[in-house]
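First to last, the sequence lines map onto chains A and B.
In terms of the working numbering, the first sequence has 207 at position 170, counting the first letter as 1, and numbering is strictly consecutive.
In terms of the working numbering, the second sequence has 21 at position 17, counting the first letter as 1, and numbering is strictly consecutive.
Keep in mind that a hint or two might mislead.
When the alpha-carbon atoms are kept at most 20 Å apart in a straight line, the in silico EDC-like pairs for lysine to aspartate or glutamate are as follows [what the hints assert, rightly or not]: (1) K193/A <-> D61/B; (2) K66/B <-> E89/B; (3) K193/A <-> E80/B; (4) K117/B <-> E89/B.
To spell it out: a stretch of chain B is covered by chain A in this simulated footprint if at least three of its residues, at any positions, have a beta carbon under 8 Å from a beta carbon of chain A; those stretches are [unchecked claim]: (5) 71 to 79; (6) 84 to 97; (7) 125 to 134.
Hints listed in this document are in silico derivations from the structure and should not be mistaken for laboratory results.
Every residue gets a Cβ at the ideal spot worked out from N, C-alpha and C, and that includes glycine.
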Amino acid sequence: MGDHPFNDLEMSRPEHIAPPEIYYNDTEAKKYAGNSRIIEIQTAMSERAIELLNLPNHPCYILDIGCGSGLSGEVLSDQGHTWVGVDISASMLGVAVSREVEGDLFNHDMGQGLFFRAGTFDAAISISAVQWLCNQDQAHHNVQRRLRKFFQSLYKCLVRGGKAVIQFYPENGQQMEMISSAAMISGFSGGFVVDYPNSTKAKKYFLCLCAGSAEMNYTVPAAKGLDEKDDDGQPSGIQFVMGKETKDKGRRKDGRRVVKNRDWIQAKKERARKQGKKVCHDSKYSGRSRGPKF
Amino acid sequence: FFFFFFFSMRLLSANTIVCIVKGCTDNFPLQIVPTVVEQEETECNPEFITHIMHRVDYPALKRMSEDIGIHGLPDELPADLENNEQLIQLLHTALLDTHVQQGELACNKCGRKYPIAQGIPNMLLTENEV
């Protein structure tokens, strides 16, 4: 699998495997309840998303889009907020019920548009959910229309000046563009905050939106991990090395040489002899260069 | 199965829902047809109640709570809600401690019914309702 980069890519993109209501079946949903690594990552991202919301200093009414098993909701409850969760997967909601989360849960497809009254919520968060909207899972689905419907209904159900922070895993630049432009068309202002942009693993995308007019002067919060002196235990930026390709010419990724010379061949033969394999005898021709070709 | 009797749809979120079937407008509030209702006492947060009451549609809340069997809400909300501790407690009970466990939400305009099972309303639409 290692030498086939696309295999890894497919594995980490469940939205390529099946639609969300099918992918998150009872088995997959149980993983969310029991896997401590998933819980840790989801909780950390939820905390960051709530930090980016920059909420006022009183308990708020918050919408969690794609709440799943309620991991992000628990963070909201811990901070004293009341929340409502929406998810398409009945199995995931079942896990949320068994975990006794404090929010109200609804089984709904966000691509059909949210069903809340105008100006209901102080803010909205969404953790690792919106990338699912970019897949055409059914013949009658139109990705652009579903995205617009989602963002329009989200804009409507937030109070004026209400903020939404949407964390997701964009597949490519085109997808980021598609999602953010759907948000802007719906009237939101804001943009992306990319935490730890120099790290492959810690890199996280947050689309920070504000439902309000341009006069409110919403500026997107600053990203983490831009400064090398970041001291909160997270990996600090890994510098991008220019001209890496030319510098490593003649070597593999792991630093081994591509050229196999006489020493390399003899070492390999010696190793094989020790293992009791049948090995050709050494001669003056072993590992000799073949000279120039016509 | 004990967890089925814990948290489920509260009147606060019922107060925020509209029907989104294509072409159906002016349909607030949906009617609650409860079959199982649970009461779960939680700590009252007066700050949140006064904050959220600006957004709650009061006539709809009063009607819904009477449908469910909570009486005693005044006909109109007093202007100085912050100082009325008793009413805040009553609103807290109605909004946050009352859970509809089973039943359905019905739209009075188009007649669409959204079933509530295990406290989770199913708001999924079919292809031609979008």
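Checklist entry - Out of the numbered hints, which ones does the structure contradict? => result Hints 3, 4, 5, 6 not satisfied by this model.
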